[in-house]
Amino acid sequence: MTGAVAIQTVVSGLSTGSAYVLIAIGFTLLQRLTGVIAFAHGDLAIGSVFVGVILLLGSAPTAATLGLASSAGLAIVVLAAGALASVLVYLLAVRPFVPRVGRAARGWDVAGWVGGGLAAGLLVRALLGLAFDQDAYAVPDPLHLSQLNRSGLVHLPGGAVVTTRTLGVLGIGLVVGLLAERLLVASRVGVRMRAVSDDATAAALLGLPVRRLTLLAFAVAGALAGLAGLLIAPGQSISVDSGVVLGLKAIAGATLGGLGSIRGALAGGLVIGLIEAFAVQASFLGPRYADVLPLAIVVLALALAPLRSRAVVLE
Amino acid sequence: MTELASDLYMLVAVLGLALCVAYCGQPVLCQGAFVSAGAFGVAHLLGVGLPLAAAVLLAVAIAAVLGGIVAVLTIHLPRAHVALSTWAIAWLAYTALQSFHWLSNGADGLSLPVPIRLHSGILHLSFTLTEGVHLGVAAVLCAGVIVALARWERGVAGLQAAALREGPALAGTLGVPVRARRAVALICAAALGGLAGAGIALLASAAAPADVSPLLSLQLFVAALIGGAAPRVWAPVAGWAVVAAIPHLAGSIAAAAEVPAVGVDGVLTAALLGLVVVLRGPVGRLLPIVRGRPRAASDTSDAGAVVPGTLVARGVSVRLGDATILDGVDLEVRPGEIHALVGANGSGKTTLLRVLSGTLRPTAGQIEFRDADITRTATARRVRAGVTRTFQRPAELPSLTPYRQVRLAALARGRDADGGWALELTDLDGHADDDPRSLTGGEQQLLQVARAAATGAAVLLLDEPAAGMSADERQRLRVVLRRLTERGVGLLLVEHDSSLVADVADRASLLDGGRVVAHGTPHEVVPALTGSGTSA
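Protein sequences, first through last, are from chains A and B. Under the UniProt record's numbering, residues 1 to 315 are what the first sequence spells out, in order. Under the UniProt record's numbering, residues 1 to 536 are what the second sequence spells out, in order.
One or more hints might be untrue.
[Said to hold, decoys possible] Just a few of them, taken from the derived set where beta-carbon distance is under 10 Å, the chain B residues facing chain A:
hint	residue
1	21
2	87
3	214
4	262
5	276
[Said to hold, decoys possible] Quick list of simulated restraints, FRET-style, between CB atoms:
hint	chain 1	residue 1	chain 2	residue 2	range
6	A	282	B	131	29 to 35 Å
7	B	57	A	99	46 to 52 Å
8	B	287	A	136	44 to 50 Å
9	B	424	A	260	44 to 50 Å
10	A	188	B	437	42 to 48 Å
11	A	99	B	424	35 to 41 Å
12	B	283	A	99	17 to 23 Å
13	B	438	A	205	29 to 35 Å
14	A	187	B	485	31 to 37 Å
15	B	238	A	282	45 to 51 Å
16	A	133	B	415	27 to 33 Å
Calculated directly from the structure, the hints in this document are not laboratory data. Cβ coordinates follow ideal geometry from the N, Cα and C atoms, glycine included.
Can you build the whole structure from these sequences, using the hints too?
What follows is the structure, encoded as structure tokens:
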């Protein structure tokens with residue numbers, strides 16, 4: 001691999017990774033706040049894009065350039081659909097199975113919310129699949145990231161060339177990701193959310209609106225997933241089923257980051273993007289490993305996670 | 001006929017998965033991957049010229065080995081992570097099948113030689129696998145698995161499965177080897193999944209990735225989950241009958257509404273999954289619990305005889321990050337003695353119990369029992385060696401009658417050991433076959449003590465056994481504790497009730513900030529406790 005190719009690979013890996021970061025941050029936020037693994041989160045990312053497409057462009061989209069109004073409309077609809085769907089998933093598929101604030105942890109019904117989340121994701125894929133039954137769709141880019149300059153290409157030092165779109169995705173993904181991380185650490189709402197995630201009952205006793213904060217967290221996570229979908233979908237051909245693997249890749253990032261750390265999710269998402277990009281470029285691996293490797297990482301990182309905690313539990 | 005045979009083969013996979021999902025409570029979402037291992041395994045093995053029987057056996061073995069690998073990767077994880085990990089495995093298998101041509105010949109899949117003939121040189125037998133033969137084989141397989149599962153469920157293994165499902169932390173303290181049982185269940189599930197896959201591939205003369213998509217894993221999961229709250233062997237059978245109807249229903253709906261059948265299939269599966277997870281709790285509570293007694297325990301000769309032993313903690317420290325929870329704790333629980341452990345909330349009592357019972361490994365120090373170092377011995381093996389604990393909150397096994405609960409605990413002493421004496425010891429023998437949810441809070445605490453005693457342990461670590469007891473029940477508890485010590489059992493009693501401690505304890509240790517700050521008779525120690533301003 002030459003220097004130029006290496007630089008290109010790093011940039012495009014970070015670019016894909018920054019989209020994973022947005023999903024991974026939302027996933028981690030929900031996991032910390034409610035203790036629940038959001039199985040449908042990846043489906044929200046791709047699903048909300050398809051919802052936007054069907055509402056504004058119909059069921060046979062092309063990658064044609066959109067006007068200003070439809071661009072803004074598509075972007076807004078996608079983000080709103082992500083937020084709304086996420087809140088709905090919470091209300092219908094998660095909340096019935098987790099104990100109410102103040103109740104002991106005995107009410108946990110793991111099979112319940114796992115099944116609920118899986119059913120929600122499957123429902124999103126299946127309902128959209130009724131309208132979008134092809135294996136591959138091209139989706140227009142409402143953010144016009146490839147048209148930021150005339151050639152659509154950017155020359156980097158060292159002879160590397162990447163598309164403007166790659167850099168645009170990287171920029172937006174990183175800025176929003178870092179902003180979300182900062183806000184969750186420093187802002188008033190962020191501090192309140194952390195209080196809820198540390199001890200929801202204590203937070204409720206202190207007068208924090210736990211329910212509203214939880215709903216807000218699900219809405220934010222859903223909107224972040226929608227944005228990730230907007231960044232990823234136009235760059236490739238997608239189907240309604242792409243969401244599961246996308247979500248699992250983001251979860252791979254969150255697991256690498258230690259499951260429960262927003263900053264870890266940020267770093268982990270970028271690392272997964274890099275691993276994927278290098279797997280595609282490496283002569284001994286190739287594009288076939290682009291999905292296989294991150295999925296294997298989910299399994300391995302989960303298996304090894306208990307070893308990382310300092311207290312060794314014998315069971 | 002082909003469809004019926006195919007559905008019957010898949011029922012074998014569902015029954016296998018029910019072992020994990022419904023009986024052991026492990027949300028395993030990758031049964032489709034094991035089915036594909038069987039299907040593609042048999043296709044490849046026939047392709048390289050192996051005879052039919054060898055190819056099927058080897059394919060099943062491959063699936064079982066994969067099940068073993070998944071077991072190693074998941075048995076130590078909390079349930080939520082098991083679900084996530086196995087869901088990723090389902091997609092990993094599906095993606096790998098689509099990506100690697102040598103594995104599956106891409107989306108087209110592999111075709112098997114036609115016709116497939118079974119030939120036995122020894123028996124001079126040779127016949128062709130027709131649809132009728134498949135139907136017969138599939139029916140026999142299903143019947144065999146159902147009978148085996150029903151026997152297994154009624155036997156003592158069914159009791160252990162109930163503990164795994166309803167209280168994994170509790171199961172270890174009753175001597176159930178949690179990880180080993182989970183691993184065996186997963187390997188059996190994988191092998192049966194592989195068998196189903198091999199059968200279906202032979203029936204269809206083909207193995208294609210699309211037939212073993214993660215949607216199949218979800219459908220198998222739904223079928224196995226039905227009845228998960230109070231599993232009976234008919235539940236997964238009924239579950240699969242419903243799930244197997246989905247594709248047919250989806251086909252007719254899709255044709256009528258002119259929409260893609262795959263989508264309708266998914267919508268129906270999602271709706272069923274949603275329905276099952278919502279209804280399984282309430283429906284499970286409505287089902288009557290099993291009151292029958294498993295094969296009568298034959299070994300009642302030495303009922304409750306205890307080989308006395310002393311449990312010693314030497315310099316036990318536990319540090320989590322920067323916090324020191326326990327700091328050089330020394331403690332001794334002698335046969336026939338009640339040693340009270342008192343201290344304020346957060347003084348480290350529960351952590352010490354976890355270290356002594358084997359759920360937490362100390363950062364420094366040693367635990368010895370009968371002069372052997374057991375610091376690194378896992379909970380279930382510690383129970384069989386003679387040390388177990390109870391929990392502060394009554395840990396319920398709602399589907400097991402008190403008799404079945406003590407019988408389960410007595411398995412730690414041997415397959416035929418009886419536990420009925422422990423109910424007599426705690427005066428619960430009148431409730432032996434009652435619904436455990438009908439017991440009062442105090443009786444549930446006594447049942448916990450009975451269970452712990454039934455394991456035959458020489459040292460019981462009791463975590464606030466008097467919590468939630470009426471004055472009457474406290475009096476009963478005192479009698480029970482005395483009976484236990486008369487048998488030579490050593491008791492470590494974690495208790496807030498200072499009058500109970502003063503009454504029954506022979507010795508007491510006061511824990512404060514993770515250190516033993518006072519040690520002696522209860523009358524020397526308890527004033528120090530009340531002096532430190534603890535609330536009960």
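Outcome of the hint check:
| no. | hint | result |
| --- | --- | --- |
| 1 | 21 | holds (8 Å) |
| 2 | 87 | holds (7 Å) |
| 3 | 214 | holds (7 Å) |
| 4 | 262 | holds (6 Å) |
| 5 | 276 | holds (7 Å) |
| 6 | 282/A with 131/B: 29 to 35 Å | violated (47 Å) |
| 7 | 57/B with 99/A: 46 to 52 Å | holds (47 Å) |
| 8 | 287/B with 136/A: 44 to 50 Å | holds (47 Å) |
| 9 | 424/B with 260/A: 44 to 50 Å | holds (48 Å) |
| 10 | 188/A with 437/B: 42 to 48 Å | holds (45 Å) |
| 11 | 99/A with 424/B: 35 to 41 Å | holds (37 Å) |
| 12 | 283/B with 99/A: 17 to 23 Å | holds (20 Å) |
| 13 | 438/B with 205/A: 29 to 35 Å | holds (34 Å) |
| 14 | 187/A with 485/B: 31 to 37 Å | violated (59 Å) |
| 15 | 238/B with 282/A: 45 to 51 Å | holds (50 Å) |
| 16 | 133/A with 415/B: 27 to 33 Å | violated (56 Å) |
Hints 6, 14 and 16, counting from the list given before, are not met by this structure.
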